[in-house]
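Colleague: Line by line, the protein sequences give chains A and B.
So the first sequence is numbered by our numbering: it starts at 1 and just counts up by one.
So the second sequence is numbered by our numbering: it starts at 1 and just counts up by one.
Just so you know, the hints here were simulated from the structure itself, not pulled from any lab data.
Keep in mind that this is a model prediction, so the values were computed, not measured.
Just so it is clear, CB atoms sit at the ideal spot from N, CA and C, and this is done for glycine as well.
One should not assume that every hint holds.
[Claimed, not checked] With beta-carbon atoms standing in for the labels, derived distance ranges:
#1 B:Ile437 <-> A:Asp28: 40 to 46 Å
#2 A:Leu112 <-> B:Trp483: 30 to 36 Å
#3 B:Trp331 <-> A:Leu154: 38 to 44 Å
#4 A:Leu153 <-> B:Arg34: 43 to 49 Å
#5 A:Asp67 <-> B:Asn391: 24 to 30 Å
#6 B:Asn145 <-> A:Leu112: 44 to 50 Å
#7 B:Leu449 <-> A:Thr143: 56 to 62 Å
[Stated by the list, open to error] Looking from chain B toward chain A, a few residues come up when the C-beta cut is under 8 Å (computed):
#8 Trp235
#9 Gly237
#10 Leu341
#11 Ala363
#12 Ala364
#13 Thr379
#14 Val385
#15 Pro388
#16 Thr610
Chain by chain, the residues run as shown.
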Amino acid sequence: MTFRRLVLAALLAVFAFGAPSVHAVQPDEVLDDPALEARARALSAGLRCLVCQNQSIDDSDAPLARDLRVLVRERLKAGDSDDEIITFVVSRYGEFVLLKPRFTPHTWLLWLATPLLFLLALGGILYAYRRRSASSAAPQALTESEQAHLTRLLDEETPKGGGKL
Amino acid sequence: MIAETGHYALILALGVAIVQMVLPVIGTRVNDPRLAAVSVPAAQAQFILICIAFAALTVAYVTSDFSVLNVWQNSHSAKPMLYKISAVWGNHEGSMVLWVLILALFGAAVATFGSNLPRQLQANVLAVQGSIAVAFLLFIIITSNPFLRVSPAPFDGQGLNPVLQDPALAFHPPFLYAGYVGFSMAFSFAVAALIDGRIDAAWARWVRPWTLVAWMCLTLGIAMGSWWAYYELGWGGFWFWDPVENASFMPWLAGTALLHSALVMEKRDALKVWTILLAIITFSLSLMGTFLVRSGVLTSVHAFAVDPTRGVFILGIMAIFIGGSFALFAWRAPLLSKGGLFAPISREGSLVLNNLLLTVACAAVFVGTLYPLALEAVTGEKISVGAPFFNLTFVPLIVPLLIAVPFGPLLAWKRGDLLAAAQRLMVAAIVALAAMIIVLALHQNGPWLAPLGIGLGLWLIVGAGTEIATRSKLFDASLGESWRRARNLPRAAYGSALAHAGLGVMVIGLVATTAWRSERIEALAPGATVDIAGYELTFEGVKEGLGPNYKELAGIFRVTRDGQPVTTLIPSKRAYSVEKSATTEAGIHNSWRGDLYLVLGDPLKDGGYTVRVYFNPMVRLIWLGALFMFFGGMVSLSDRRLRVGAPKRAKQKTKPAMAAGK
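Given the sequences, and given the hints that come with them, work out the whole structure.
Modeller: Listed below in structure tokens is the structure:
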């Protein structure tokens, strides 16, 4: 029995400094009100765990993520709106905490790059298509001198070529 | 001695690669076919030499030769054999050796099986391949030598990151790299065509199988990585929009676009300039993926390299190859002749739409991945770009594409009939609508996106079937006639139908598991039970266990459904003493309905444990869909028309015939 205890203690010691202990939301964090809890989960999914790689605090097991989750739930219980909570968290931890960056001057390019590129590419395709159809519709657009040249060529051809065409 | 042999072979390979890079170019310039032909044995010799280097490193790992620094840092004598071998590429230096090995393998394949390529094209392609090899061999030898010794030799190694000790992850890097590096073939052919200033349909026929192989490997590699994340990281997520994942996803998107535009070029001799550009972009993104992961710009499980000199070196390689190829493109592309014309509603038009949406979607991922890095570099501000951003930018581009997919193969080349295609897709539309209504009726309070997603998935699957049915005139001709036609359809048709259906299967899996996932987070004492999705789990207690190189604490859960025993799940937490870190092994019971996913958490003060239980509906379909795509590629590849060499021989035969006809 003592041996089992010892192994268990050793295991726990290892887990204490090992990276993943347990994951995300703990049973004791869950709010009693399901509506509030649902809001808490939705908010957590949009907040970044500051010490992780692109993980939301909802998914993360880091102690810091837990602190943030508890903070979010405390503010919810205090009756804050979602926006107020986000503003509060950002004022404390900076914009880095938002997984969905705000639309501000320094992220204009980020948000607008894709739609702009889409329009640009679409425009490029239309332009290329127009130009191609125009250049291939050339037959009517012979200049006068070209027409004269053509007539001359045809005149030269007819006697030799005979009824080939 | 073995390590030194490997080191020596690597340096020799560099010498050979320089020969392979320089002589063929001179040969084609001064019109000396013998000089140009040197490229063939050079590529073969380079492959053999890198094989020797790779084998030497593998031997060092298998025999646990800790006098080699790299082995000491990444292995341990108590590790199972599979992970001793996978540790060869589970670290920075070794993975770069694997990178050049695959590069040399592709080069040797072109040298060996490319005897019916136009001589000059083959010489130029091999020269470009040689130049890539020179860059990366220099990188390995100067900054990332895996063969350095450490003296005195340590008694035992430091082990491999435990989360990497996993069968799926053992094979994830080779496939991913085969994908990345495979796109170098398309790149080399593109650059060779630009040097030549000439390109034709035969070129596309040559490039397509290589691109297809690379694309298949990348598909499988990404799927393996995501599967691994799903069961190993312990919370059932499968895609994080992590920069490292994005780094592999961007070449996949561009490569998929390339696969489709090369089709237009082969069949219709159109979109030439664009296909060349796409080939360059795809490989550039592969290089960037290598850079992002290898340089340590991003810090995550994947980024082992933290040495900045390496980052700068790869950045230099990137600058030379990407900058050089784009400059060459700007200079030479106008020389390429313009191809055939087509109406907007046509097979070509549908493939242009495919390319538009795929490349812009790829750009969305690109911006989302690099913007935070760029912003921090310029202004010092740190922002995060996570899943919500990609859901808002990437998804709106991909959904229209998925809706359009079944139309493409039903449109004729040059000028198609949209209405006729829509009529043929009636069955698919009815199935999709019916599914939407049923799903809506069953899950009235579920997210409204779910029925649309399921409908979209079925639309893709039935739409893919419609293509085969249409082409074999099912219901239009007698059954026997249809069967004969179906058997005579080119395999490529089945391949693309299979891949497109796989897309639908994947969409259903993604949507179902995202929309209807259920979870329970409980503090359980032994003997307690928890219900989820019709299952009842009884916590029987914990036991300790001992693996080859870890100790574990496992929970035992009896799973029943309607009173009937289903299975016993044993999720565990493993402690790796050598690496001083821990992993979580989820207990997973899978069925077609979905996965029961169980994670054992921390012990509580009262003797209970935190336990989290998830039910992920139909989650397997995500990877099944990826497998469909892979096998679709295989089927396509087995098509006679694609088999390397076939087109050229046929051409030679027809030429004299035409001459005689005149």
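Colleague: Hey, does the Ala364 of chain B contact hint survive, CB to chain A under 8 Å?
Modeller: Ala364 of chain B check passes; min Cβ-Cβ to chain A is 4 Å, inside 8 Å.
Colleague: Report holds or violated for the interface hint on Trp235 of chain B, using the least CB-CB distance to chain A and a cut-off of 8 Å.
Modeller: holds, 5 Å
Colleague: Is the distance from the Cβ of Leu112 of chain A to the Cβ of Trp483 of chain B consistent with 30 to 36 Å?
Modeller: Violated: the Cβ-Cβ distance is about 54 Å, outside 30 to 36 Å.
Colleague: Val385 of chain B was flagged as interface toward chain A. Is the shortest Cβ-Cβ separation under 8 Å?
Modeller: OK, holds: Val385 of chain B within 8 Å of chain A, min 6 Å.
Colleague: Restraint: Pro388 of chain B near chain A, CB-CB cut 8 Å. Satisfied or not?
Modeller: holds, 3 Å
Colleague: Could you tell me whether the CB distance from Ile437 of chain B to Asp28 of chain A stays inside 40 to 46 Å?
Modeller: Between Ile437 of chain B and Asp28 of chain A, where Cβ atoms are some 42 Å apart, the hint holds.
Colleague: Holds or violated: is the Cβ of Gly237 of chain B closer than 8 Å to a Cβ in chain A?
Modeller: Constraint on Gly237 of chain B satisfied, holds at 6 Å.
Colleague: May I ask you to test the hint 43 to 49 Å on the CB atoms belonging to Leu153 of chain A and Arg34 of chain B?
Modeller: Holds, at about 47 Å.
Colleague: Can Ala363 of chain B be said to touch chain A, with a Cβ gap under 8 Å?
Modeller: holds, 5 Å
Colleague: Note whether the CB distance of Trp331 of chain B and Leu154 of chain A lies within 38 to 44 Å or breaks it.
Modeller: holds, 40 Å
Colleague: Holds or violated: is there a CB of chain A closer than 8 Å to the CB of Thr379 of chain B?
Modeller: Nearest chain A Cβ about 7 Å off; hint holds.
Colleague: Range first: 24 to 30 Å. Now tell me if the beta carbons of Asp67 of chain A and Asn391 of chain B are that far apart.
Modeller: Given range 24 to 30 Å: holds, Cβ gap about 27 Å.
In summary, the structure is inconsistent with hint 2 from the numbered list given earlier, while agreeing with all the others.
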